[in-house]
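Start from the sequences, fold in the hints, and give me the full structure.
Number of protein chains: 2
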Amino acid sequence: MGFLCLILVVTITTSLAFPINHQNYLVLPHSLQGSGACLSWRVGAEANNIRAWTQVPTKCVDYIGSYMSGSQYRQDCNLVCNEAYNYAKRLNLTNDGKDVWVFDVDDTILSNIPYFSAENNWQGVINTTSFAEWAEKGEAPAIPAALKLYKKLVKLGFKIVFLTGMYEQYTDIRIENLKATGFTEWEKLILKGDNDEANAVVYKSSKRKELEEGGYRIRGNMGDQWSDLIGTNTGDRTFKMPNPLYYVP
Amino acid sequence: MGFLCLILVVTITTSLAFPINHQNYLVLPHSLQGSGACLSWRVGAEANNIRAWTQVPTKCVDYIGSYMSGSQYRQDCNLVCNEAYNYAKRLNLTNDGKDVWVFDVDDTILSNIPYFSAENNWQGVINTTSFAEWAEKGEAPAIPAALKLYKKLVKLGFKIVFLTGMYEQYTDIRIENLKATGFTEWEKLILKGDNDEANAVVYKSSKRKELEEGGYRIRGNMGDQWSDLIGTNTGDRTFKMPNPLYYVP
Numbered sequence: 000m001g002f003l004c005l006i007l008v009v010t011i012t013t014s015l016a017f018p019i020n021h022q023n024y025l026v027l028p029h030s031l032q033g034s035g036a037c038l039s040w041r042v043g044a045e046a047n048n049i050r051a052w053t054q055v056p057t058k059c060v061d062y063i064g065s066y067m068s069g070s071q072y073r074q075d076c077n078l079v080c081n082e083a084y085n086y087a088k089r090l091n092l093t094n095d096g097k098d099v100w101v102f103d104v105d106d107t108i109l110s111n112i113p114y115f116s117a118e119n120n121w122q123g124v125i126n127t128t129s130f131a132e133w134a135e136k137g138e139a140p141a142i143p144a145a146l147k148l149y150k151k152l153v154k155l156g157f158k159i160v161f162l163t164g165m166y167e168q169y170t171d172i173r174i175e176n177l178k179a180t181g182f183t184e185w186e187k188l189i190l191k192g193d194n195d196e197a198n199a200v201v202y203k204s205s206k207r208k209e210l211e212e213g214g215y216r217i218r219g220n221m222g223d224q225w226s227d228l229i230g231t232n233t234g235d236r237t238f239k240m241p242n243p244l245y246y247v248p
Numbered sequence: 000m001g002f003l004c005l006i007l008v009v010t011i012t013t014s015l016a017f018p019i020n021h022q023n024y025l026v027l028p029h030s031l032q033g034s035g036a037c038l039s040w041r042v043g044a045e046a047n048n049i050r051a052w053t054q055v056p057t058k059c060v061d062y063i064g065s066y067m068s069g070s071q072y073r074q075d076c077n078l079v080c081n082e083a084y085n086y087a088k089r090l091n092l093t094n095d096g097k098d099v100w101v102f103d104v105d106d107t108i109l110s111n112i113p114y115f116s117a118e119n120n121w122q123g124v125i126n127t128t129s130f131a132e133w134a135e136k137g138e139a140p141a142i143p144a145a146l147k148l149y150k151k152l153v154k155l156g157f158k159i160v161f162l163t164g165m166y167e168q169y170t171d172i173r174i175e176n177l178k179a180t181g182f183t184e185w186e187k188l189i190l191k192g193d194n195d196e197a198n199a200v201v202y203k204s205s206k207r208k209e210l211e212e213g214g215y216r217i218r219g220n221m222g223d224q225w226s227d228l229i230g231t232n233t234g235d236r237t238f239k240m241p242n243p244l245y246y247v248p
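Sequence lines, in order, name chains U and Y. Counted from 1, the first sequence has number 15 at position 16 by numbering that gives the first Met the number 0; the numbering is strictly sequential. Counted from 1, the second sequence has number 136 at position 137 by numbering that gives the first Met the number 0; the numbering is strictly sequential.
One should not assume that every hint holds.
Each pair may be met inside one copy or between any two copies, as identical chains are not told apart.
[Unchecked claim] Derived lysine-lysine pairs resembling DSSO-like cross-links, with alpha carbons at most 27 Å apart:
| id | residue 1 | residue 2 |
| --- | --- | --- |
| 1 | K154 | K136 |
| 2 | K154 | K58 |
| 3 | K58 | K147 |
| 4 | K187 | K58 |
| 5 | K187 | K154 |
| 6 | K88 | K58 |
| 7 | K58 | K136 |
| 8 | K97 | K136 |
| 9 | K58 | K208 |
| 10 | K58 | K97 |
| 11 | K206 | K58 |
| 12 | K178 | K58 |
| 13 | K136 | K88 |
| 14 | K136 | K208 |
Keep in mind the hints are simulated off the structure, nothing from the lab.
Okay, structure coming up:
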């Protein structure tokens, strides 16, 4: 399970410019069967129709690389975060500090795209050595839409819970990374302990259960993986950030 | 609730040629913000991020019309049905006739696109009068990918349950429509009674619960609406067929 958790390891410090190439999303002509097929595949992954995939299909590697590097991905992030804000702003919050919004971290609020981009790795298969190097550099930038949403939620009065599959050993690194990128306050930052369940659905469900047993009300729950959003104690409403690059069961 | 149920009314008899225009899916250049925005919106709807929408956003009406009329929609249907078959063929079925596959009907296995196309109505807002006329004509064609899946599931030994929000008054019409389009056998065809809950999630959950209490095992559950797939007794696995044209809560 080290692999799965390594996916979720991101680290520290100064947020550099987003080092991805800003090429446009390649809209391939329809006559290329491959284009429509890869769009179908991406939508299938987002809608939870395709599950437990271990890597991007070979024929879609270029498509997914263009998507993740380009503006369509960012636009998709914007849409989800806008919709989340539209929902959140209509809620009546109790002023008891118990209305929380749960965010996953990796590729929900902090981006690992620079890692994949630097290796031109759009299959989404993690090389544990190089990923560890990336993680130790601590250059995960904020996902702009998520940062904007976070700030608005704080302003509305939500308490923020970051719930990540990253191991507790990385607590300090993660705190620095979050603060350096603008995520400056939170109610709880929950990392995975050695005794926690390896499976993301089970682990995250149990942590959310603890939150609710502690009197918190999970008004919103956002993640890039379906395993962030299913199971038990999923919250009043869930939001799926796009991620057709890797799958965490 | 007549409106919601009317959405789910489809009728009888001879399957005509699919009378939609076979224009290609219009892939608009990326520079048109509207294009990427409408793709984001469509993906947002499929991923259940956008909920309770009452019509297609004005700026996306042409985009959704092209999508539903063109080959990308069909390709998306193919992908979901292929994935469903890949899942289904790996299951071990018990030969007791209790392994069932639940299908919603409208725009899951039978298509209302001819209705929307004839009126060039891609906002997805139902005109109850004209929709009733369409329904009474009984010309709802099979969705090709779903028909192919259905036939394969029958061959694998699944018992088929059709669970629709259409009212029981339409039973005969529906039976004729199903048979005429190639859906020739089923274990149960469940239509909505006057005393059933109007809300689709509640109604469909209660019917699935009855199935399971009757000893059936819901191995797969497929619908074009999230309200087909959430609630209780959702089955071992769900499949979301594409439908960015209307939303049934």
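- Item | Violations among the numbered hints, reported as their numbers in ascending order | As far as the earlier hints go, 1, 2, 4, 7, 8, 9, 10, 11, 12, 13 and 14 are violated by this structure, in ascending order.
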